[in-house]
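**Student:** Sequence:
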Amino acid sequence: MTIRHLKVFIEVAEKGKMSAAAEALYITQPSVSQAIRELEEHYTTLLFERLSKRLYITEAGKLLYGYAKQVVSQFDLMEDNMAPNNLKEKLRIGATLTVGGSILSPLVKDFREDHPEINIFACVDNTQDIEQKLLNMELDVAIVEGQVKHHDLVSVPLIKDRLVLACSNEHPFAGRASVSIHELEGQEFVMREPGSGTRELFEKYLEKHKIKIHTVFEEHSPDSIRKAVLINNCLTVISPRLLESELRENKVYIFVNARQDWNRSFSFVYHKDKFLTPSIRHLQELVTSYGEHEVLADIPAGRLTASA
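In our numbering, the protein residues as written are 4 to 311.
Simulated from the structure, these hints should not be mistaken for lab results. It is possible that some hints are incorrect.
Simulated DEER-style distance windows between Cβ atoms [unchecked claim]:
no. : residue 1 : residue 2 : range
1   : 83        : 251       : 35 to 45 Å
2   : 54        : 299       : 56 to 66 Å
3   : 284       : 5         : 54 to 64 Å
4   : 19        : 159       : 33 to 43 Å
5   : 154       : 211       : 22 to 32 Å
6   : 83        : 20        : 25 to 35 Å
Here are the computed lysine to any residue pairs in the SDA-like style, where the Cα-Cα straight-line distance is at most 20 Å [to be verified]:
no. : residue 1 : residue 2
7   : 207       : 196
8   : 277       : 267
9   : 93        : 113
10  : 10        : 30
11  : 93        : 49
12  : 10        : 94
13  : 18        : 81
14  : 254       : 236
15  : 65        : 5
16  : 20        : 58
17  : 152       : 275
18  : 20        : 93
19  : 213       : 254
20  : 163       : 267
21  : 211       : 62
22  : 72        : 62
23  : 136       : 58
24  : 93        : 279
Think of the CB as a built atom: it goes at the ideal place given N, C-alpha and C, for glycine as much as any other residue.
All chains should be built: construct the whole structure from the sequences, respecting the hints.
**Tutor:** See the structure below:
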C-alpha cells in the first residue's frame, strides 16, 4: 500500500466513478481498478459496493477515507515544505466569519512581525466548513466562535465573546432600557447562513422560547449584515466585535441578553493528531492576548429579558 494507492482511492470515493477518477488523475481506468483491488486485498475488506454501474462506498471505505485524507494531506505538506527551493514553514489558519471580521487581520499582522520566516495562509468560512477543512487536514489550526462537534477535533476556549441583539438608531427598539424576548415575535431579521455558529446559538434560543421571527436577509458577510441593519432597519444577533465602529459612532443600539444565554468563546481548534509546532503554540498565545479587549466598555446598552 502506497501514497499513490490512497490518492487513487480518494479520487474514486469523491467522484463515485472509476472513469472520472482516472480522468482526474490522468491515468487509465484499468490502473484505477487495479489500485482499488490491491487496497481491498491489502485490508481484506470491500471498500466499494458496485451496483448498477455505480460505486457506493462501504462503512470500511468511509473509515479509510478519513485516514487517507489525513495521510495524503500531511504527505503533500511534507513534500511541499521539504522541496529544495521551498524550505520555508507554512501555517494554514482557519477562522469563522466573526473571527475573520474582527481579530484575524491584526492577529496575522502580529504573528508575521514575530515570524517573518513563515508563510501564512488564512481562510475564512463558517464553523461547519472550517470544521470539515480541519478534518481533511486542509488547515493546520482554526479560531472559531461556534461549537465544533467532531470527536477528532480538540477545541480550547481562549477568548470570551457574546452575542447581542442589534438594531439601528431608527428602529422602534432603539434607546429602550429593555426588550422582552416575546417582542421579537414576527420581527424582521438579517440572519447568518446555515452552518454558522452564531445562527445555531440564536436558533436554539428562539426554539427554547417558542419564538418565530421573519428572516428578510440571509447573509454571509459582516458588512452585508451591518447594511441590512442600517439601511433596511432589520434586527440581528451578532458579536459586538463586528459593530465596534458603529457603536462608537452611535449608529446602532444593542441589547445584552440578561440571562447570559448567548455567552460563548472563541476557541483554538486543531486535529487531535496534529503536531503542535512552536509557531502554532505561539499563535495560540497571541490569540489568548486578544481576549483582553472589552468591546462593550462604556457603551450604552439595553437588556433583553425573558419576561413579558
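**Student:** Are the hints correct? Go through all of them and say.
**Tutor:** For each hint, the structure was consulted:
For the hinted restraint 35 to 45 Å between residue 83 and residue 251, the CB-CB distance of approximately 43 Å keeps it satisfied. Roughly 58 Å separates the CB atoms of residue 54 and residue 299, a value that falls within the hinted 56 to 66 Å. Look at residue 284 against residue 5: about 33 Å separates their beta carbons, and that is not inside 54 to 64 Å. At about 37 Å, the beta-carbon gap between residue 19 and residue 159 stays in the expected band of 33 to 43 Å.
As the Cβ distance of residue 154 to residue 211 is approximately 26 Å, the hint placing it in 22 to 32 Å holds. Checking the proposed 25 to 35 Å range against residue 83 and residue 20 shows it holds: the Cβ atoms sit about 29 Å from each other. Among the hinted pairs, residue 207 with residue 196 is consistent with the structure: their alpha-carbon atoms are about 15 Å apart, no more than 20 Å. Pair hint residue 277 plus residue 267 does not hold up; C-alpha atoms about 25 Å apart against a cutoff of 20 Å.
The suggested pairing of residue 93 with residue 113 holds, with an alpha-carbon distance near 16 Å, which does not exceed 20 Å. Of the supplied pair hints, the one linking residue 10 and residue 30 holds, its CA atoms being roughly 12 Å apart against a limit of 20 Å. The hinted pair formed by residue 93 and residue 49 fails the criterion: a straight-line CA distance of about 37 Å is larger than 20 Å. For the hint pairing residue 10 with residue 94, the CA-to-CA distance comes to about 23 Å; that exceeds 20 Å, so the pair is violated.
At roughly 26 Å between alpha-carbon atoms, residue 18 and residue 81 are farther apart than 20 Å, so this suggested pair is violated. A threshold of 20 Å between alpha carbons decides the hint, and for residue 254 with residue 236 the separation of about 12 Å falls inside it, so the pair holds. Under the criterion of a C-alpha separation no larger than 20 Å, the hint pairing residue 65 with residue 5 is consistent with the structure, at around 18 Å. Of the pairs offered as hints, the one joining residue 20 and residue 58 holds, with about 6 Å between alpha carbons and a cut-off of 20 Å not exceeded.
Straight-line distance between C-alpha atoms of residue 152 and residue 275 comes to about 13 Å, which keeps the hinted pair within the 20 Å bound. A threshold of 20 Å between alpha carbons decides the hint, and for residue 20 with residue 93 the separation of about 34 Å lies outside it, so the pair is violated. Restraint check for residue 213 and residue 254: the C-alpha separation of about 30 Å exceeds 20 Å, so the hint is violated. With a C-alpha separation of about 6 Å, the suggested pair residue 163 and residue 267 falls inside the 20 Å cut-off, and the hint holds.
Between the alpha carbons of residue 211 and residue 62 the distance comes to roughly 36 Å, so the proposed pair goes past 20 Å and is violated. The straight-line distance between the Cα atoms of residue 72 and residue 62 is roughly 16 Å, inside the 20 Å bound, and the hint therefore holds. This hinted pair does not check out: residue 136 and residue 58 have alpha carbons roughly 25 Å apart, beyond 20 Å. A hinted pair counts as satisfied when its Cα atoms are at most 20 Å apart, and residue 93 with residue 279 qualifies at roughly 13 Å.
Taken one by one, the earlier hints fail for this structure at numbers 3, 8, 11, 12, 13, 18, 19, 21 and 23, listed in ascending order.
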